[in-house]
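Novice: Take the given structure of chain W and dock chain F with the ligands to it, following the hints.
Top line first, the protein sequences correspond to chains W and F.
Using the working numbering, read the first sequence as starting at 1 and increasing by one per residue.
Using the working numbering, read the second sequence as starting at 1 and increasing by one per residue.
Keep in mind that the hints are not guaranteed to be accurate.
Remember, identical chains collapse to one label, so a pair may be satisfied in a single copy or spanning two.
[As the list claims (entries may be wrong)] DSS-like mimics (lysine-lysine), calculated; alpha carbons at most 27 Å apart, straight line:
id, residue 1, residue 2
1, 99, 278
2, 85, 286
3, 70, 380
4, 216, 272
5, 399, 364
6, 278, 399
The set of hints was computed from the structure by calculation and includes no laboratory data.
2 protein chains.
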Amino acid sequence: MEDAAGEPGRCAAVLPAGGCGERLGSSTPKQFCTVLGRPLISHTLEAFERASWIKDIIVVVALESLDLMKAIIHKYGHKRVTLVKGGETRHRSILNGLKVFSENRSDGTANEKPEVVIIHDAVRPFVDEEFLLQVAISAKQHGAAGAIRPLVSTVIASSSDGFLDYSLERAKHRASEMPQAFQYDVIYRSYLQCTDYDLDFGTECLHLALQYSNVKAKLLEGPPDLWKVTYKRDLYAAESVIKESISQQLCIITNVNKDAIEVGFLLHESLKLHFKVKAVSSSMCKTIHHLQNIFHGQCCNFICINVKDSDFEETQNLVDLLQTTNAGISYPLVILSVHSTSEDYSSGINKLIGIRKLAKEAYKSNILVYGLLINIDQDKVQLQQAVCEGTAIITALIKDRNPALVGQIMVA
Amino acid sequence: MEDAAGEPGRCAAVLPAGGCGERLGSSTPKQFCTVLGRPLISHTLEAFERASWIKDIIVVVALESLDLMKAIIHKYGHKRVTLVKGGETRHRSILNGLKVFSENRSDGTANEKPEVVIIHDAVRPFVDEEFLLQVAISAKQHGAAGAIRPLVSTVIASSSDGFLDYSLERAKHRASEMPQAFQYDVIYRSYLQCTDYDLDFGTECLHLALQYSNVKAKLLEGPPDLWKVTYKRDLYAAESVIKESISQQLCIITNVNKDAIEVGFLLHESLKLHFKVKAVSSSMCKTIHHLQNIFHGQCCNFICINVKDSDFEETQNLVDLLQTTNAGISYPLVILSVHSTSEDYSSGINKLIGIRKLAKEAYKSNILVYGLLINIDQDKVQLQQAVCEGTAIITALIKDRNPALVGQIMVA
Ligand SMILES: [Mg+2]
Ligand SMILES: [Mg+2]
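Okay, chain W solo, but in the shape it has when bound (with noise of 0.2 Å):
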């Protein structure tokens, strides 16, 4: 990632994660809203931790909410993380954060301070590494650093009652965005020397490094992710997104014997158009290891393909090892339980009622694991048909990751 030519040298962030949400219309400030079951702050928190350079990750959070914020660190594994109470405005609660590197706490100890300090929105989860690799080496040459996007509107300039005084040239302006990346020094400095109404009124720390410390911030057009989870919509926007993303991948575990081989050949076939697909043999699938090694891990998705006498012991294999992981921490994974049956459906649905038990309990650990079960007695055309039917199926539980639906046995 780092290379010599463009070091941002040792790294901090401060996510400031204060905020009352009120423009969600929701009395739960918008980034411990969930999404996919995990609060909003604990994805961005993610993208965070995913880049190693970056040393220190400061979180400033309302008092109210450290208790929860404590909570969410703590579910999740979360590493390098630094809590800190909020002030009472966005500023406020900036300056507090970068106290950390410069004020002994009451125990005497203190953060390192590092050379260049990321300041994030915990609200805005798809930041990239690369991106924040980008601000950090523009800030560590320039002194500050900021992203910023096209405007999707025209901004207006509007007179005390209410009627259009001037519009801006579209083209000329921009709006801000995060991240914003800065010298430590420039910034800390900035918010030293900075009024009360800076603090209580102001928004923008880029503003702060002109105003205080004349430094011009290089400004990189960022990509359309970065925008901010303000309101509901957003919230639904951010869950497809995440869900599209960890729905590109599949695993598909397949048995060697006869019938289930065909079924997933037929299966992987159809598949593979619709998924980037490895398949694996059930047998190479028995330890952590292996399975760690398929995706690098990353894999959320998995298609088992049961021999027709076995019941569902192969799906009970998977969702055992899988739970060894603790896997579905970060999102839940899904696991189609596939059958081939020669009989009619319903002594084949019979046999496998079981599979809603064993569906209860996964879903313990975060996994969600429905039945399919396919009649391999048909000609060639009407299987073709049936595994057509069975791929729509697949896809749509994985892209929805449904939990009302865990447990149920679809036909194809």
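Specialist: Here is chain F with the ligands on its own, set in the frame of chain W:
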């Protein structure tokens, strides 16, 4: 809607829909992207049709989209729409739209000139009638009016070498959104007077009215729903918003059979915690007239409680009736075919396997039929538990409206 104190006079609307959707990262212009299976622009047109006082709706589309737009108008039965060929820029397209009221067509006809014209984007489907009326009345009074929203991000200006020049005070500026409305003579005159530079590079109608007719627009703070579908995530959000809005109301159709009444009653009690529920006896539900009385024909969700021995007769009746009303044209309808069983699940399912065929047929009319089996041969506690699970399954299926799962039989 119109009262003496504030009547908008004769009203028309112009919807520029000639954009090419570059920002979406898709080759389909965003106004033609489907949301719940229907092109976005059709959702927007529906919002304007609800306002019966808007007499003419002018849709301006690029030449290459003309046939597609005609097909959309035909398929969804849009009324009061006149199609006009777009210009090379947004302003030129709007001007083409305005001309239909002042210039005769080649066949000598023209649309009747309105007093007030509303200009709105095809990609803002969630505008409501009340706000349209407010903007129109305000335009009649002041010459021009437009929707504004608070800025989500700080707006900055950059120097030519990509550094921060200055940032605007966020509180003093607003985002200019749509709809906007104008006295027809004001906006048409402004367009006729403005320069080619304006027509080629400008975007803001309020600005033209100010510059060329000296009319200062009244600015009206609009609801957050006015946002412009710009990025792929906005399509996700739009779909979620629509799904949410059509998943509020639920009609339960029950038979007088004792078992059906009991399950129906328990489900009703449980479902009314999640939906606005109306219960109807199946005998009341034999004609289109009765069905249209339920929630004024706006109900998209039905629970059919079937009698034990009749298989899915009630469900079939409802499907037949809904098909004759063409109700699935606008939005996918959901029918949950609920069956109580006293046997083991598998033979219950066996009896119902024919529901798959029914569901396939119904889906051709955009009616999504799912089965739900509830075992009523259990003790009170178990039955209540099954009803709880059934409610969760019903809620999930209604909120997701997933076509891939039609004809599946869920077990509670
Ligand atoms: Mg700032
Ligand atoms: Mg305009």
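Novice: Hints first: check each against the structure and report whether it holds.
Specialist: Now for the hints, and whether the structure bears them out:
1. 99 <-> 278: neither (48 Å within a copy, 59 Å between copies)
2. 85 <-> 286: Neither, since 46 Å and 64 Å both go past 27 Å.
3. 70 <-> 380: Classified as neither; 57 Å inside a copy, 41 Å across copies.
4. 216 <-> 272: Cα proximity of residue 216 and residue 272: none, with 49 Å in one copy and 58 Å across.
5. 399 <-> 364: both (20 Å within a copy, 23 Å between copies)
6. 278 <-> 399: Cα proximity of residue 278 and residue 399: one copy only (18 Å, versus 32 Å across).
In summary, the structure is inconsistent with hints 1, 2, 3 and 4 from the numbered list given earlier, while agreeing with the others.
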